[in-house]
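J.: Residues per chain are reported as follows:
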Amino acid sequence: MTETLPAALAQQSLEMLRASTASGKIAPEAEIVPGVRFVPDPDAGMRGRFSSPAGRLLELEITHERPARWCGLHIRLGMEELFGLGVVGLAARFGAPRALAVAPCLRSGTGTGFSDCFFQKQVAALPRPLMHLDALETDGRHETLPSTAPWREIVLFLPTNSFRLDLHDLRIFAA
Amino acid sequence: MTDAVPDSPAPDLAVVIPVWNDAEGLNRLLEQISQLDAVSQVVIVDDASDTPADPATMGWTADRLGADLIFARNAQQRGAGYARNRGLKKVTANRVIFFDSDDRFTPEFAYLMAELPRDGFDFCVFAHADSRIAQAGGWGPLAGDDRLWERAGVFGALSELPAEKVPELIQISAYPWNKVYRTGFLREAGICCTEIMVHNDIELHWLGFLRAQRILVSDRVAAIHVVQRNGTRLTNRSGAERLEMFRALDPVAKEIAKAGPIFTVPFAKFVMALFHWALGQLAPQHHESFKTKIRTFLARHLDAEAFSRIAAAEPDLAERINAHLAWQPCEMTA
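Chains U and L, in that order, give the protein sequences.
Add 97 to the 1-based position in the first sequence for our numbering, that's all there is to it.
Add 684 to the 1-based position in the second sequence for our numbering, that's all there is to it.
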């Protein structure tokens, strides 16, 4: 499978995270590296810290003062046109001291907002991380995945309670 | 929004490698070290290999290695413990790891070294993979160690091991190559390997955990332990040299007694698992002698109070200990 140019933007952002050893408070909507940002429920009082160990993506510690409706990690994809592609996929290895699930989706911009197409499987984050692999077919079978969109993102829907999550690796591919 | 992180400083790590009849493995490991950019000094101690495993004869120089290169050779075979101790004396770097010629670093090792401080810690224990698990499609240590890591609940690329987790993690297999030590700690605390042919690393491991003031821990799988089934490496030895393990266990048992009741059960679990494993390795003609030594060891180091603690926490373990204590060699019971 050959990675095509459309996923390169996301891979570039992820590569910057891998190379980074930055750490700090999580600020809603602010990019921690170009193309990667957290979008929490503004009513939930999210507080969190991140660090980016060398060679890994992120270690996250997040708390919510009130029940949250969502907490998303957004990765800009820049893949406006799906024509000529068969799949958009991800490979992930996440860890968590207490098992939790992360729901990934491919978000496409629309004229009025956005449309979310969820991957079939959630990513299990376990104390001993496992490789997770999943892909969405782009042949028109998913109503929520338009073939053309002004922008796209991979959104990782994180738990909405308080949690610790380590993103050891994430690779996004399209072919 | 982000805190500034300084650039990685120059490497400051010595790798001490005992080698015996494994020039090929040593050459492979040196090749890997030369690409790591994390090592400042390599100390090789050849434990009287049939053909000297001299890195110079393999074309290795300090320039090619990217690190100072020291080679020493024992006139007669003394075991990996002696070789490691001899190598440690030559270390000038502030941090040191003991590594075996047939094991491998993973790419995570360089990342770990980039993050590990030069001072302010005594040692850092990191996760590893076992080749037997890797061959079965997994990635991690054998099941027993895996459970201990999980129970200890240590997590993340680098963090401090809380004191209350030490009794759990101390029970992992007593390998020397899954820890980066501050060289000064080993010297100040008087910790070294036992100079016996096998199990030379028990003292290093246990006394390290018991005497350290600050232990760091990383869940990075930074090394692969390569085990060749039926190979000639020490893990596969079945001779009387295994009976010497008590030279390593006795000093640890004495220190355990002083370290407090919280370590009684972990140490009892460790030694009983070790005895069970070693009995499986040991040639049958040594079993009687080994059981006598086990009985003597348990009787010497387990007082009634300690045994009561074990019985309360782990009744099955106490029963197994009791079976050893009650056992009599054939010649005495006939």
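Read the hints as simulated data drawn from the structure, not as lab findings.
Keep in mind that the hints are not guaranteed to be accurate.
To be verified - To give an idea of the chain U side of the interface with chain L (calculated C-beta under 10 angstroms), a few residues:
| id | residue |
| --- | --- |
| 1 | 118 |
| 2 | 156 |
| 3 | 160 |
| 4 | 173 |
| 5 | 192 |
| 6 | 227 |
| 7 | 228 |
| 8 | 259 |
| 9 | 263 |
| 10 | 268 |
Just so it is clear, the structure is predicted and the values come from calculations on it, not from any experiment.
Positions of the beta carbon are idealized from the N, C-alpha and C atoms, including for glycine.
J.: Work down the list of hints and note, for each, if the structure agrees.
T.: Hints versus structure:
1. 118: Cβ of residue 118/U sits 4 angstroms from chain L, so the hint holds.
2. 156: Status holds, d = 6 angstroms.
3. 160: Hint violated; residue 160/U Cβ to chain L Cβ min 17 angstroms, cut 10 angstroms.
4. 173: violated, 18 angstroms
5. 192: Holds - the Cβ of residue 192/U comes within 10 angstroms of chain L, reaching about 7 angstroms at its closest.
6. 227: With Cβ-Cβ at 9 angstroms, under 10 angstroms, it holds.
7. 228: holds, 9 angstroms
8. 259: Interface hint status for residue 259/U: violated (15 angstroms vs cutoff 10 angstroms).
9. 263: holds, 6 angstroms
10. 268: violated, 15 angstroms
In this structure, the earlier hints numbered 3, 4, 8, 10 are contradicted, and the remaining ones agree with it.
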